[in-house]
Amino acid sequence: MNSDQNHETFEKLFLPVQTPLRGYLFATTRNWTATDELFQEVATTLWRKFGEFDASRSFRAWAFGMARLQVLRHRQTFARSRLVFSEDLMDSLATVAGDETGEDDWRLPHLAACMAKLPPSDRKLMGMRFEQEFSLAEIGRKIHKSEAAAGMSMMRIRRWLRDCMEKTMAMEKAGAR
Amino acid sequence: MIDRNTEQLLSHYLDGVETPEEFAQLEQQALQDPALRRELMRLATLDTMSRTLLKETAAAREFAAHGVRVIHTAPSLWLSRWFWSTAAAAAALVACVGGLNLWQARQAEQAVVATLVEARGKCSVFSVQCSESSESGVLSSTILPPGTRVTLGPDGYAKLSYADGTLVELQKNTTLTLGAGQGSRLFGLVNEWRGKRIQLDAGTLSARVAKQKIGEAMALATPHATATVLGTMLQLAVTTNSSLLSVQTGQVAFATATQQEIVSAGESARVQDGVLRKVMEPVPPVAAGSVDQDGAILFQDSFADGFGKWNLYTKQSDGSMQPTTTQTCPDIRIVTVERGGKSVPVAELVGKAPGGPRVGMVTETVKTKADSCVFAFEYTYDGPLRRAMEGLEIGMPCRVTPQARPAGEWNQVRWECTRTTDAQGSPCLAAKLYFNGELIGETAFLSSGEGVDVMLEVIEGKFRFANVVIREMKR
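Line by line, the protein sequences are chains A and B. Using the numbering used here, the letters of the first sequence correspond one by one to residues 1 to 177. Using the numbering used here, the letters of the second sequence correspond one by one to residues 178 to 652.
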């Protein structure tokens with residue numbers, strides 16, 4: 001396989017794994033900077049070691065195994081500011097995320113469609129939490145509510161978005177049949 | 178099925194507000210319950226997607242509003258697929274919700290907003306013509322958000338600065354457009370709209386680029402190539418069919434759609450008629466750093482990413498000082514305040530007698546690096562504030578309590594320190610203290626040559642500080 005083909009094959013395998021990889025990194029670090037930087041490291045490592053990848057095996061599982069190693073390597077760094085899961089749980093999460101059968105295949109256009117259906121006040125909250133990256137306490141101050149109330153709102157929005165994504169994906173699958 | 182209590186645990190965990198007991202409970206349950214692990218992964222993935230989408234929607238809206246041309250430097254099937262699917266998602270969201278809420282009209286991130294600090298000669302900004310006689314006064318301190326087009330005439334000159342200390346000097350007959358960049362990512366894979374970007378269409382610019390975050394490299398694009406910069410000094414010149422890059426310090430990736438060269442200090446590279454190659458061109462002696470009154474930044478913290486970069490700065494192989502470790506200090510948190518119509522992160526100490534919180538910053542490497550330096554920061558406080566002390570300790574303590582502006586107003590503190598020797602030949606440091614621009618004191622310290630130690634202490638009330646910068650002094 002020449003270099004271009006190699007690159008193309010890697011792209012095809014890596015593209016669907018990107019989003020869940022980021023999800024795993026965020027689930028284990030809860031730090032956006034760490035998530036971004038670890039993602040870069042994982043992606044670089046996967047590409048560098050792609051020659052060693054056994055094509056008869058699951059790329060997704062291989063990628064999450066690599067992500068798990070990177071998280072464990074940098075665990076001490078982000079453990080300074082946050083509680084972090086045990087190695088056992090990080091392993092289990094990597095296994096769950098690397099399981100092809102449980103793949104959700106959520107995509108950004110679906111999320112955009114779901115988010116557009118949120119009431120303006122909820123979109124405002126989402127913007128503050130994820131675009132401006134305010135903490136719940138900061139959001140609470142801005143909307144004149146308590147941190148706990150802001151947290152409840154986030155929980156409700158997450159639930160709604162997750163349900164909306166599931167319905168959207170189910171409808172898409174039904175339409176494709 | 179996840180019950181409501183567990184759902185709340187998950188949400189608290191993802192928002193970082195869980196108690197230690199909740200954390201322990203969640204960990205224990207997740208170890209035993211595969212469904213809970215899967216739900217955690219799904220919600221975390223949803224959070225990362227939401228962040229990606231919202232940030233890119235905001236960037237897409239800014240670009241749409243300002244009409245900035247987006248240029249891909251490494252087109253590939255992957256990039257195209259990714260870009261268009263994301264762009265479609267962003268466009269869909271903009272179309273659905275755009276214009277409904279003020280919050281969505283988010284101002285361009287502070288990091289990618291330039292300020293025009295000096296202008297001379299004929300120039301235009303935002304297509305508003307400046308008269309020859311008034312442009313400097315009129316335009317000084319003008320905020321230039323992404324999308325701003327700057328055009329200089331035959332006698333034009335302009336200097337732009339960014340919040341992180343990056344300086345860009347524009348020479349005559351230069352035309353450029355400012356923009357937010359695409360995060361420079363692996364294989365051209367763009368994940369977020371991040372980083373500064375300048376599209377140089379004609380003319381010459383010199384830049385002293387402060388250290389940029391990984392993934393947020395500054396992009397200087399010409400019609401022929403793109404220079405990707407993480408922190409360096411360079412000059413970039415464009416003619417009709419060529420672009421010439423000269424690097425004074427550090428390294429710059431200079432790339433066309435098909436070629437890339439890493440251009441190191443003292444080297445130049447030219448793209449001519451679509452072909453990129455290194456050339457033996459003399460590197461211009463004029464460094465962009467010369468446009469600044471102060472020298473290289475040794476330490477800077479805008480608090481944009483938390484109370485980090487504290488204590489550990491190390492000297493890099495290229496001589497620059499870069500933060501290598503992030504560290505948090507007790508009794509300090511980051512809050513967002515409104516300043517000049519913008520929300521900016523600042524560090525806040527909240528103190529109650531006796532003693533109050535106290536933080537020390539030791540920039541360990543400064544002690545061996547700089548014979549003279551400038552240390553500056555801004556602070557404000559909320560009443561009741563009984564006492565605020567700012568001190569600079571160099572070898573031995575020195576504390577000053579200057580006459581502060583009223584609560585809520587910002588004060589600027591600046592020390593200029595020079596390493597010298599006293600009459601007996603012992604090392605000492607001479608320091609001048611400026612407060613709100615006024616020289617209020619001069620002191621000499623005996624110095625053991627130890628580092629710069631900044632002490633901030635508040636006894637009661639809130640004390641907020643921002644924009645901590647330590648620079649070498651320009652000689």
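Quick caveat, the hints were computed from the structure, so don't treat them as lab data. Keep in mind the model is a prediction, meaning the values are calculated, not measured. Hints are not guaranteed to be accurate.
[Said to hold, decoys possible] Which chain A residues face chain B? A few, computed with CB under 7 Å, are given here: (1) Leu13; (2) Pro20; (3) Arg22; (4) Gly23; (5) Met66; (6) Leu69; (7) Val84; (8) Leu108; (9) Leu111; (10) Ala112; (11) Gly127; (12) Met154; (13) Met155.
[Stated by the list, open to error] Pulled from the structure, derived: some chain B residues nowhere near chain A, Cβ distances all over 12 Å: (14) Leu230; (15) Pro522; (16) Asn644.
Where a beta carbon is used, it is the ideal one built from N, C-alpha and C, also for glycine.
Tested hints:
Nearest Cβ of chain B to the Cβ of leucine 13 of chain A: about 11 Å, over the 7 Å cut. The hint is violated. Below 7 Å, beta-carbon pairs count as interface contacts, and proline 20 of chain A has one with chain B at about 6 Å; its hint therefore holds. Hint status for arginine 22 of chain A relative to chain B: holds, with the closest Cβ pair at about 4 Å, below 7 Å. Interface restraint check for glycine 23 of chain A: the shortest CB-CB distance to chain B comes to about 3 Å, inside 7 Å, so the restraint holds.
Interface restraint check: methionine 66 of chain A against chain B, minimum CB-CB distance 14 Å, threshold 7 Å, status violated. With a least beta-carbon distance of about 18 Å to chain B, the hint placing leucine 69 of chain A at the interface is violated under the 7 Å criterion. Evaluation of the valine 84 of chain A hint against chain B yields a violated restraint, the C-beta minimum of about 9 Å exceeding 7 Å. Checking leucine 108 of chain A against chain B by beta carbon gives a least distance of about 4 Å; that is within 7 Å, so the hint holds.
Taking 7 Å as the C-beta cut-off, the interface hint given for leucine 111 of chain A holds, the closest approach to chain B being about 5 Å. A cut of 7 Å between beta carbons decides the hint on alanine 112 of chain A: the least distance to chain B is about 4 Å, and the hint holds. A distance limit of 7 Å between C-beta atoms decides the matter here; for glycine 127 of chain A the minimum to chain B is near 5 Å, and the interface restraint holds. A distance limit of 7 Å between C-beta atoms decides the matter here; for methionine 154 of chain A the minimum to chain B is near 6 Å, and the interface restraint holds.
Because the smallest distance between the Cβ of methionine 155 of chain A and any Cβ of chain B comes to about 4 Å, under 7 Å, the interface hint for this residue holds. A beta-carbon of chain A is positioned within 12 Å of the beta-carbon of leucine 230 of chain B; the least distance is around 6 Å. At roughly 10 Å from the closest C-beta of chain A, the C-beta of proline 522 of chain B falls inside 12 Å, breaking its exclusion from the interface. Remark: the non-interface label on asparagine 644 of chain B is consistent with the geometry, its nearest Cβ contact in chain A lying 20 Å away (cut-off 12 Å).
Figure legend: structure checked against the earlier numbered hints; hints not met, in rising order: 1, 5, 6, 7, 14 and 15.
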